[in-house]
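Residue numbers (my numbering): 170 to 357.
Honestly, the hints are just simulated from the structure, not real lab data.
Glycine is no exception: its CB is placed at the ideal position from the N, C-alpha and C atoms.
One or more of the hints may lead you astray.
[Said to hold, decoys possible] Distance windows between CB atoms, simulated:
hint, residue 1, residue 2, range
1, 333, 222, 25 to 33 Å
2, 351, 269, 22 to 30 Å
3, 237, 262, 13 to 21 Å
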Amino acid sequence: MYLKRHFPNFITSLRIMLAPVLVLCILENTLILALCFFAVIFMSDLVDGALARVLDVCSKFGAKFDVIADFIYVMSALLVLNITGLASFWITVFVFMKFAEFAATSSLLKRYKYTSETWVFDLLGRIFALLVMLAPGVFCFVSYYPAFMIGGVFFKVAVYTSGILSSLARIGLCIKTANRKIQSEWSL
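Please model the complete structure; the sequences and the hints are all you need to start from.
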């Protein structure tokens with residue numbers, strides 16, 4: 170039972186444990202090896218939550234741990250990609266700000282009783298998150314195969330567009346939820 174309950178969290182922890190290895194591969198310019206570690210990290214993100222649902226061991230800790238592991242992996246990979254010149258400084262800043270906005274709007278929506286869940290997900294935000302999880306692999310791939318540079322440009326446009334639209338929707342939902350809460354308190 171103990172193993173069953175904690176196995177999804179172990180898979181999540183792989184992202185944290187492999188992030189420094191990915192960083193070293195990028196720093197050493199062994200991009201093919203970096204792509205292999207990226208694939209393992211990306212698959213761990215696809216598997217951990219699904220496995221937790223199948224095993225019926227979902228928890229608030231697991232949900233928080235998953236987002237923290239995503240943050241550690243994405244930010245460490247993007248930072249080293251900035252250092253090596255393989256990714257733009259601005260995409261790293263944008264992704265960091267989007268993580269902060271996600272945490273703040275989720276907290277606000279929970280505070281206003283919109284949900285009791287730890288995180289509030291939206292479709293555009295999920296698309297953004299998927300793209301961001303793919304970003305280190307895409308940047309390494311495009312750096313190794315420069316012929317795909319135009320694909321990298323379209324990828325960045327998709328990241329920025331989905332992130333901005335998700336933020337607008339989330340902020341709008343926060344304003345709408347706060348207004349409802351204020352109106353219901355005033356009508357008492």
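Unmet hints by their number, sorted upward, for this structure: The structure breaks none of the hints.
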